[in-house]
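Peer 1: Each chain, written out:
Protein chains: 2
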Amino acid sequence: MSVPFGDDVSAIDIGSGKLVVIKTDMLVDKTDMPLQMSLWQAARKAVVMNVSDLAAKGVKPTALLTSIGVPRGLRKRDIEQIGEGLNTGAREYDAYILGGDSSEASDLVISCAAFGIGEKKRLMLRSGAKPGDIVAVTGPFGKTAAGLKTLLQNLSAPIRMKKTLVDSVLMPRARLNEGLTLAESGAVTASIDSSDGLAWSLHEISKASHAGFLIDSLPIAEEAKQLAKLHKLNPIELCLYGGEEYELVVTVKPRLWKKVVKKVSLIRIGRVTKEKTLILKVGKKTFPIEARGWEHFKTSLPKL
Amino acid sequence: MSVPFGDDVSAIDIGSGKLVVIKTDMLVDKTDMPLQMSLWQAARKAVVMNVSDLAAKGVKPTALLTSIGVPRGLRKRDIEQIGEGLNTGAREYDAYILGGDSSEASDLVISCAAFGIGEKKRLMLRSGAKPGDIVAVTGPFGKTAAGLKTLLQNLSAPIRMKKTLVDSVLMPRARLNEGLTLAESGAVTASIDSSDGLAWSLHEISKASHAGFLIDSLPIAEEAKQLAKLHKLNPIELCLYGGEEYELVVTVKPRLWKKVVKKVSLIRIGRVTKEKTLILKVGKKTFPIEARGWEHFKTSLPKL
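Going down the list, the protein sequences come from chains A and B.
Taken in order, the first sequence gives residues 18 to 321; the numbers are from this note's numbering.
Taken in order, the second sequence gives residues 18 to 321; the numbers are from this note's numbering.
Since the list gives no way to pick one copy over another, a pair counts as held whenever it fits inside one copy or between any two copies.
Only pairs whose alpha carbons sit at most 27 Å apart, straight line, appear in this in silico DSS-like list of lysine-lysine:
{"id": "1", "residue 1": "Lys-35", "residue 2": "Lys-137"}
{"id": "2", "residue 1": "Lys-47", "residue 2": "Lys-93"}
{"id": "3", "residue 1": "Lys-137", "residue 2": "Lys-280"}
{"id": "4", "residue 1": "Lys-77", "residue 2": "Lys-35"}
{"id": "5", "residue 1": "Lys-224", "residue 2": "Lys-93"}
Since the hints were made in silico from the structure, they are not lab data.
Predicted model only: the values in this text are computed from it and were never measured.
Based on the provided sequences and hints, a complete structural model is requested.
Peer 2: This is the structure we're talking about:
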């Protein structure tokens with residue numbers, strides 16, 4: 018098998034050093050869709066979720082198939098919105114929707130399967146992190162956790178800040194260009210997307226690579242810090258234990274670091290350690306990074 | 018695009034005359050799963066549904082991905098049953114389950130995506146039927162419609178007959194070997210699987226091929242005839258307007274007919290006509306074949 022079971026994607030070897038790389042994931046309204054998210058946004062997000070996993074492996078999605086569970090109450094206009102959201106999502110990443118099916122269901126279920134052709138030797142797995150490698154991310158963390166709290170608890174915030182936070186939930190973006198450039202660079206030893214949160218993603222790389230992490234520079238988003246201050250939230254909690262964030266978390270060969278950051282904007286957050294522990298260092302204090310992530314908001318939201 | 022939109026499968030051209038052929042379809046318990054169907058059988062069926070579409074195009078499935086919506090009430094043992102059903106289904110067709118995801122949902126939703134590598138020139142589309150071609154099927158029709166009626170209305174029937182009918186619903190089989198041999202033969206001008214019923218499948222080929230059909234020999238399954246007799250049902254109705262039957266419906270070049278039936282067991286049911294009408298001939302009388310198919314049994318079954 019070209020890709021170990023449990024990595025972000027699956028792959029079929031088609032010879033000549035090439036792989037068909039595949040990912041499928043489903044969005045279910047009651048667990049993945051806050052009330053404020055439109056059908057168009059939900060459909061677009063279902064695409065982004067799958068594209069993000071290919072991005073983390075450095076593979077361009079060629080096309081997507083969709084399979085949709087449609088609750089009885091939806092009207093023709095609703096279905097069109099879903100179709101438009103799917104197409105918009107696909108076009109943002111230069112892919113397209115190849116086809117799909119729909120069935121009646123109690124929930125709105127949008128299942129996508131994304132496909133791309135990848136080069137076997139360029140594929141970025143979860144399993145190659147080596148002690149001494151630099152740990153980096155493609156962007157700051159905490160906005161979606163803060164944004165979801167803002168939506169669910171209707172937290173007050175200055176309008177521009179609120180918009181940034183809420184947009185991060187409703188209009189997530191996959192880091193495809195970054196993933197492709199990182200794969201091309203040959204500098205990355207392990208990669209994962211952060212859809213289950215930063216802490217969880219680090220634990221996944223740790224498990225697959227048999228190594229640990231010392232994180233000494235948490236990439237907390239400015240807006241998350243501000244919201245935390247306003248509402249007495251813990252910014253570290255927002256940063257580490259959020260989810261649906263779609264940044265890439267990578268480990269990089271130190272000797273290629275300078276070269277790669279000229280091409281991709283990366284934030285250094287720590288380094289890979291031989292000890293298989295995940296440690297956060299703040300000032301002189303250290304804390305364990307727990308293997309927990311995103312908690313679905315199913316209990317706090319009424320059913321659509 | 019190598020495969021027209023709306024055909025059974027989608028495809029990505031990967032060069033050298035080869036295609037990645039893909040199909041995704043979802044099984045939803047409340048519409049696709051009679052109460053008597055076990056979780057193991059439902060999962061196996063979700064695989065068969067997708068394999069059947071590849072079979073109709075003459076493409077061997079290499080692997081499947083699954084995406085499962087899991088209702089809260091399911092226990093660990095239930096999930097294992099689903100996993101075993103998926104694996105059994107895949108192994109029956111020499112394919113395997115590559116990976117997948119699960120989410121919480123109100124219904125049990127089993128979405129599969131099946132993939133295979135096909136030769137572009139061998140792919141059997143819906144669109145090539147020519148006037149004069151022979152229309153044929155890989156097996157008799159009516160057993161699943163009769164079987165479902167037996168299950169839903171608890172119809173009485175001799176035990177062996179009942180078992181055959183009910184098994185056709187609970188343990189469907191995809192005609193993969195037949196599809197592969199037919200594609201290899203070069204004799205087939207159009208092909209479709211009959212998951213939406215014989216009448217519907219004929220209408221789909223008619224639409225895609227811009228041709229009609231004269232069906233003069235309905236392939237009614239013996240057991241369907243017998244059940245119809247016992248319970249005053251219409252055997253033609255059972256044969257034409259059932260569904261979930263997974264036989265292949267094909268059109269064949271007349272000059273290659275004798276050669277192809279030496280390799281694949283085919284039942285001749287009529288011929289392709291220039292007039293774009295679908296006519297059933299019984300004795301000297303003719304009847305239109307309507308564009309209707311399978312009606313889901315959602316209204317007659319309680320929710321799982």
